[in-house]
Structures are given as C-alpha cells and as structure tokens.
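**Student:** The lines below spell out each chain.
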Amino acid sequence: MDGIIRITVVGDGNTGKTCMLYAYKDKKYNDHHSSTVFDSYSMSIEIDGKPRRMILTDTAGQEEYDRIRILAYKECDVFVLCYSVDCRISFLNVRNKWARELMKIKPNCRIILAATKSDLRKIYNGCVSTSEGLRLKKEIRANDFVECSSKLLLNVDIVFQKAVIAAIHPHFVKKTKPKKEECAIL
Amino acid sequence: MNDEVVNIRPCYVLLEQCTPKAQLALSAELRNVINERNILTSKSKEKFLSALDEINSTDIETRRKKRKHQAVQEILSSEMAYLKQLEIIMNFFMKPIQSKGIIGQEQFEILFGSIDNLYKVNGELLNELKNDLMSVSAAFFKLAPFFKMYSVYAYDYKNCLDTLKNLYETNKKFTGFLLNQESRPEVQSKLSSLLITPIQRIPRYCMLLKQVLDNTNCSEPDYDILKDSLKKLEAVARHINTLVEERENSQRLLELLRCMKNGKELVIQPGRKLIKEGILVQTIPKRNNTEKVYLVLMSDIIMLCHIRKTNLCMPNSLKCHSIYPLNKCKVTQNTKTKMFEITCHDESVVLHHQKVQDTDEWIDVINSSILKCIRNRNTLRKGSSSRRPAGKDNLRPYMDVGVSPGVSRIRKRRRTEENVEREDGKMIRYDDSCDGVNCLPIKLSCRKSIHKDGSDCEDRKDSLFPLRHHFSKEIDVVGVDEPDKETPEVDPSVFVFGNENVNSNRGFSFRLNSIFSGIKRAFGFKSDQ
Chain C
1 MDGIIRITVV GDGNTGKTCM LYAYKDKKYN DHHSSTVFDS YSMSIEIDGK PRRMILTDTA
61 GQEEYDRIRI LAYKECDVFV LCYSVDCRIS FLNVRNKWAR ELMKIKPNCR IILAATKSDL
121 RKIYNGCVST SEGLRLKKEI RANDFVECSS KLLLNVDIVF QKAVIAAIHP HFVKKTKPKK
181 EECAIL
Chain P
1 MNDEVVNIRP CYVLLEQCTP KAQLALSAEL RNVINERNIL TSKSKEKFLS ALDEINSTDI
61 ETRRKKRKHQ AVQEILSSEM AYLKQLEIIM NFFMKPIQSK GIIGQEQFEI LFGSIDNLYK
121 VNGELLNELK NDLMSVSAAF FKLAPFFKMY SVYAYDYKNC LDTLKNLYET NKKFTGFLLN
181 QESRPEVQSK LSSLLITPIQ RIPRYCMLLK QVLDNTNCSE PDYDILKDSL KKLEAVARHI
241 NTLVEERENS QRLLELLRCM KNGKELVIQP GRKLIKEGIL VQTIPKRNNT EKVYLVLMSD
301 IIMLCHIRKT NLCMPNSLKC HSIYPLNKCK VTQNTKTKMF EITCHDESVV LHHQKVQDTD
361 EWIDVINSSI LKCIRNRNTL RKGSSSRRPA GKDNLRPYMD VGVSPGVSRI RKRRRTEENV
421 EREDGKMIRY DDSCDGVNCL PIKLSCRKSI HKDGSDCEDR KDSLFPLRHH FSKEIDVVGV
481 DEPDKETPEV DPSVFVFGNE NVNSNRGFSF RLNSIFSGIK RAFGFKSDQ
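Chains as they are written, first to last, in the UniProt record's numbering: chain C, 1 to 186; chain P, 1 to 529.
Treat the hints with care, since some could be wrong.
[To be verified] Taking lysine-lysine pairs in the PhoX-like style, the calculated list, with each CA pair at most 25 Å apart, reads: (1) P:Lys273 with C:Lys28; (2) P:Lys276 with C:Lys97; (3) P:Lys273 with C:Lys74; (4) P:Lys158 with P:Lys84.
[Stated by the list, open to error] Label pairs and their computed distance ranges (CB to CB): (5) P:Glu87 with C:Tyr124: 41 to 51 Å; (6) P:Lys45 with C:Arg100: 27 to 37 Å; (7) P:Ile374 with C:Asp26: 27 to 37 Å; (8) P:Asn311 with C:Ser129: 39 to 49 Å; (9) P:Arg287 with C:Lys97: 50 to 60 Å; (10) P:Ile284 with C:Lys50: 29 to 39 Å.
[Unchecked claim] From the derived model, a few chain C residues whose C-beta atoms are all more than 12 Å from chain P: (11) Ile4; (12) Asn93; (13) Leu153.
Calculated from the structure, these hints are not laboratory results.
Every value quoted in this text rests on a predicted model; they were computed, and no experiment measured them.
Think of the CB as a built atom: it goes at the ideal place given N, C-alpha and C, for glycine as much as any other residue.
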C-alpha cells in the first residue's frame with residue numbers, strides 16, 4: 001500500500017460504467033448530455049483521519065480489445081465489476097468472461113459487483129433480481145454487492161465507498177473468502 | 001453562451017411550422033432578457049438557458065445537431081486533457097530525470113522513449129481540431145496513419161512496466177524522486193497509471209468518433225470520411241491488440257520453456273502459437289487410476305507433460321512425455337463420463353477437467369484448433385505429413401528432425417509412389433542428396449506440383465513457385481537463341497532441382513545444366529554428377 005487506491009470499473013459495453021463514474025465524480029446526473037469518455041480522475045478522500053488518494057479509471061471502449069484492457073489491470077487495487085439489471089447478457093458475462101479474466105490476471109483481486117441501472121426495474125419486466133445478484137456475488141467470490149442507479153444517484157457513493165473499504169481492509173476480506181480449490185497458475 | 005444561441009437559431013424556422021408562435025416568442029424573449037440583463041447568477045443562468053434550449057430543440061434534427069456539436073466538443077476537450085497528461089509525464093518526470101541523471105540513458109529510453117513522438121502526433125491533431133472544429137473527420141483521416149506509433153508504444157509497454165518496477169525496487173534515488181513527484185499537487189497520480197493512458201487513448205478515439213458518426217446524417221458531406229476514419233482507427237486498435245497478444249504469447253512460451261525439464265527444443269518453432277494450457281486429469285484404463293497432466297495446446301501440436309512440482313512456475317516442473325501432431329488428432333467426447341479422448345494414429349489419451357464446463361471448453365478449443373491447423377496446412381509449406389505420435393522412447397527422433405517432427409512411417413512407400421509418377425513421362429527426378437528428412441518439405445511441394453495437364457501452373461503457389469517461375473522465363477530465352485534445335489516444350493510446373501530424367505529431352509537438359517549448376521550451388525544443393 002502506497003497510500004493511493006486505484007479503482008477500475010469494468011464490465012460489458014453499455015452497462016453505464018462511464019455514467020456511474022460521472023455520477024460519482026460530479027454528484028449529478030445529466031440526462032441530456034452524457035459524456036463518452038471518462039479520463040482517469042484523481043481525488044483525495046479521508047480515511048481514519050488520514051488523507052488518501054483515490055484514482056478512478058474507466059475501461060469503456062476497450063471491451064473488444066482484450067489485451068489492451070488487460071494491460072490496465074495490473075495497475076489496479078479494486079475492480080468495480082458492472083452489469084446492468086435490464087441486460088441479462090451483461091449479467092451472464094460477469095461470470096463467463098469478466099470474473100474469469102480478472103482472476104486470471106490478478107488471482108487475489110478485490111471485486112465489488114455492481115448492478116447498474118436499478119431504476120429500470122420499475123419499467124421493464126424480467127430484470128435481473130437482487131437474489132440473483134447476490135448468488136453471483138458468492139459464485140465469483142466478490143467482496144461486496146451493490147445495486148445502484150446513476151440516474152437517481154442511488155447507491156453510487158456506496159459502490160465506491162465499499163471499494164475503498166475492500167482496498168484498505170484486505171485481511172478482513174480474505175478471512176471471509178473461503179478457499180475451495182487451488183487456482184491453476186497460468 | 002452567445003455561440004450556442006447562434007447555433008440554435010435555425011431551429012426557430014423549423015419549429016414555426018408546427019409550434020404555436022406565441023410560445024416561441026416567449027422563450028426567445030426570455031432568452032434575450034436573460035442575456036441582456038445580469039439578473040441571475042452565472043450558474044442559474046446557465047441552467048435556465050439550457051432548459052430553454054431543451055424546449056426549443058424538441059425537433060429531432062436540432063437535437064441531433066446539438067449532440068454532434070457536443071460530441072465534437074468532447075473530442076476537443078478530452079484531447080486537451082490527454083495532452084495535459086502527456087505534458088505532466090514530460091515536465092514532471094522526463095525532464096527532471098534527464099537533467100538530474102537519475103537513471104541511465106538506456107532505461108530512460110525504455111521508459112519514455114516514445115512519449116515525445118506521441119506528444120507531437122497528438123499536438124498536430126489538436127492543432128487540426130482547433131483550426132476548424134467541424135473538420136474533425138478530416139483531422140482524424142489525415143492523422144490516422146500516424147497512430148500506428150501507438151502500437152510501438154503498446155508493444156514496449158510491458159517492458160517499460162518491468163523496468164519501472166525494477167528501478168523502483170533497486171534504485172533508491174529513483175524511488176524517492178518518484179514518490180516526491182507523484183504526490184505533487186500538479187501530478188496527483190502514479191507514473192505507472194500515467195504511462196498507460198496512451199494505450200487506452202486509441203479505443204477512446206474510436207468511441208468518440210462513433211459518437212460523432214451516430215449523430216451525423218448519411219447525407220452530410222463529412223459522413224463518408226468520418227466512417228473511413230473510424231474504420232482506420234479501429235484497425236489501429238485491433239493492430240495494437242494483436243501486437244500485445246503476440247508479445248504476451250511468445251513471452252509465455254518462453255516461460256513455459258523455462259519450466260520444462262526436457263524437450264525444450266520442441267517448444268519454440270517458427271509460427272507456433274500457444275493456444276491453451278492447463279491441468280487436466282488423465283485416466284489410465286490399464287492401471288485403472290487417474291493422474292494429473294499438464295496439457296499444452298499449441299497451434300500445431302498437443303503436448304502432454306507430467307507435473308513434477310506443485311509450483312508450476314519453477315524450473316523443471318514439467319516433463320514432456322508425448323507430443324501429438326494436431327492435424328492427425330481426433331477428439332471424441334464421452335457424454336456419459338464427461339471425459340474426452342484425444343486419438344492420434346494408434347496413440348490415445350483420455351482426459352477430463354475437474355469442472356465439467358471447462359472440459360467442454362477444452363474440447364471446443366482443441367476441435368477448433370485442429371480445424372484451423374488443417375486449414376492452415378493447406379496453404380502453407382508443409383512438414384512431413386506422416387508425423388506420428390512420439391512417446392517416451394522415441395522422443396529423440398522427434399527432436400532431431402526440426403521443421404517436420406515425427407517419425408516417418410511410410411518413407412519406403414513414398415519411393416514407390418515416385419516411381420509411378422516418373423512413368424508418366426514427366427521430368428521428375430528427386431535429387432538423391434535431398435533424401436534427408438530435412439528436405440522433406442521441398443520434396444513434397446515438388447510432388448504436389450505435378451499436374452497431368454500442367455496448364456494452370458501459374459496459380460499453384462508451392463514453395464518453389466517464385467523460383468520456378470523465374471526459371472521458366474530463362475528457358476524461353478535459351479530456346480530463342482538457337483532456333484535450329486527443337487525448342488523443347490518445358491512445362492514449368494514440373495521443373496525441379498536436380499538432374500532431369502533420362503528419357504526426356506536429353507540435349508536440353510545438358511545445355512541447361514551448365515546454367516543451373518551455378519545456381520544450384522548457390523542455393524546449396526549438391527550435385528551428384
């Protein structure tokens with residue numbers, strides 16, 4: 001730990017990664033003008049009375065380029081892994097693609113599973129439910145699970161707070177993580 | 001603000017057809033009043049005006065134009081932010097390091113070698129963008145070829161990171177400097193995360209351009225160029241991606257090499273790629289027990305290794321016990337036992353993964369690799385087609401043969417095949433000095449080039465094609481020089497090195513011999529005359 005916590009947001013395209021980052025950074029949601037690119041953003045936060053630095057990074061646009069994406073993983077402490085509740089494919093990809101990839105590159109990485117666009121539950125039927133999300137959290141052994149909505153600015157702060165907590169309390173987290181089987185080192 | 005008013009104005013005309021006039025006048029009036037008098041704070045004024053804009057731009061067309069404008073603005077602003085980051089690297093890291101001489105020149109080159117160039121390319125892009133905001137497409141179109149520079153950067157990035165890590169651990173002066181600079185209020189970031197921004201930049205351009213393209217009508221003049229630029233940038237991004245992938249692949253192969261106890265010579269071959277590797281469970285029916293094996297799937301072979309140490313990163317942790325040529329392998333799946341069997345000639349191995357899902361994945365990967373291997377072989381210079389599985393006892397010959405591993409099974413039979421072909425009257429003669437296994441690829445390609453009609457020799461791209469083509473031209477010239485002799489009809493497709501067969505055009509071959517013997521010697525073929 002060198003005082004800097006690096007948080008990277010990953011997940012399928014169109015799950016609202018960039019939007020969530022902007023919602024957290026600016027504390028507002030702009031329906032009319034959504035930016036495409038989130039440059040990595042550095043902010044200072046106070047933890048236990050000590051100032052710490054937090055760097056947020058976006059991976060939007062790199063979904064197709066797996067190798068480019070992976071290069072950024074090494075420089076990261078916590079991943080916020082997103083799926084959107086209205087898109088089941090993005091939910092399935094968490095298990096099939098993202099969690100595997102993260103585990104392969106960083107076997108002991110800390111993951112916060114975030115279900116985005118939770119406001120859409122009211123509008124669409126057949127959205128991914130909370131219990132399904134919790135089950136997935138256990139399956140991929142994520143550190144925490146949060147449902148959030150950038151549009152309503154609901155729980156967005158909590159996502160990043162939990163990410164920070166996971167970053168600064170790695171030992172506490174490791175205890176709760178059952179070690180079922182040894183991972184193949186690839 | 002004034003800019004925006006000018007931009008919005010055309011919509012008033014459009015709206016007049018469908019919207020009541022009174023409402024329009026009101027919003028326009030309000031806008032004017034707000035702009036003229038300084039009655040609101042700047043923040044609420046902005047809010048108010050943007051709300052007004054929103055009412056006005058109900059029309060889809062206007063909204064689209066506005067979005068396009070925003071997208072273009074975003075390109076400009078993010079480009080500026082990006083250049084600022086590059087400037088931070090240059091001003092707070094590169095310059096002080098160079099002036100103070102904290103690290104050696106060589107390491108400096110590895111770390112920051114291409115930052116300068118990237119900065120120049122992007123500075124140029126920013127200039128183009130600033131000159132004329134609406135010519136985004138032209139700017140990108142002009143500079144797209146230069147973005148290939150990024151692939152150089154991406155290729156070296158891993159090396160750069162390793163060097164950085166190494167310096168961080170060994171060079172105390174450098175570490176102190178780095179910590180000091182990283183905590184500066186202007187920087188507030190880690191050097192390693194700053195260094196990755198160039199790699200992430202190209203995919204971002206794709207996204208930004210796509211955003212502009214989505215908000216452009218196909219009738220607009222810049223639509224085509226925009227589309228082209230986007231395509232070019234996507235190609236660059238893919239290129240970077242494949243470069244990084246290849247680099248990682250070869251590095252992993254080298255790592256694998258370090259882990260192996262034997263058969264190191266077998267792993268690295270030109271054109272060979274690592275596809276998948278992992279621990280599988282092998283069932284041995286004879287002994288009725290199971291054993292963990294390490295399976296390495298490469299683009300043309302499958303390698304089975306014994307695991308000798310639990311830590312697979314250690315040297316000598318793997319011992320290769322058999323290699324199967326992929327093009328002769330077959331995978332049969334047993335749905336009941338959730339196992340699969342790889343058969344290669346008379347060798348076979350029954351495997352499964354601890355997870356059923358992963359077993360299926362393995363089967364898919366192996367099957368697709370086999371197909372790909374066979375497809376690739378059809379267009380490639382070939383190794384021996386009679387490669388056989390090699391086991392413990394005959395691993396040695398597998399190593400010896402180099403390009404075409406495997407023990408030849410039917411070498412004798414091939415001899416008889418040659419004889420049959422000779423009887424067809426073609427000028428085929430295999431140079432006896434080429435009899436070694438190493439020459440097999442050449443032999444095979446010669447044999448393949450024989451066609452009974454010999455008509456479409458130009459189309460055939462065998463390994464000797466360019467040479468043969470060249471020779472066939474020379475033959476024509478000789479023929480013209482001496483018209484009194486019967487010009488032999490030379491089928492260029494069947495020309496091979498070595499002596500020609502006795503029963504076809506003896507005189508011709510003698511004449512040519514003097515020309516070719518020199519060339520032959522130059523190519524290292526022994527003449528047995």
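**Student:** Honestly, which of those hints from before does the structure not fit?
**Tutor:** 1, 6, 7, 9, 10 and 11
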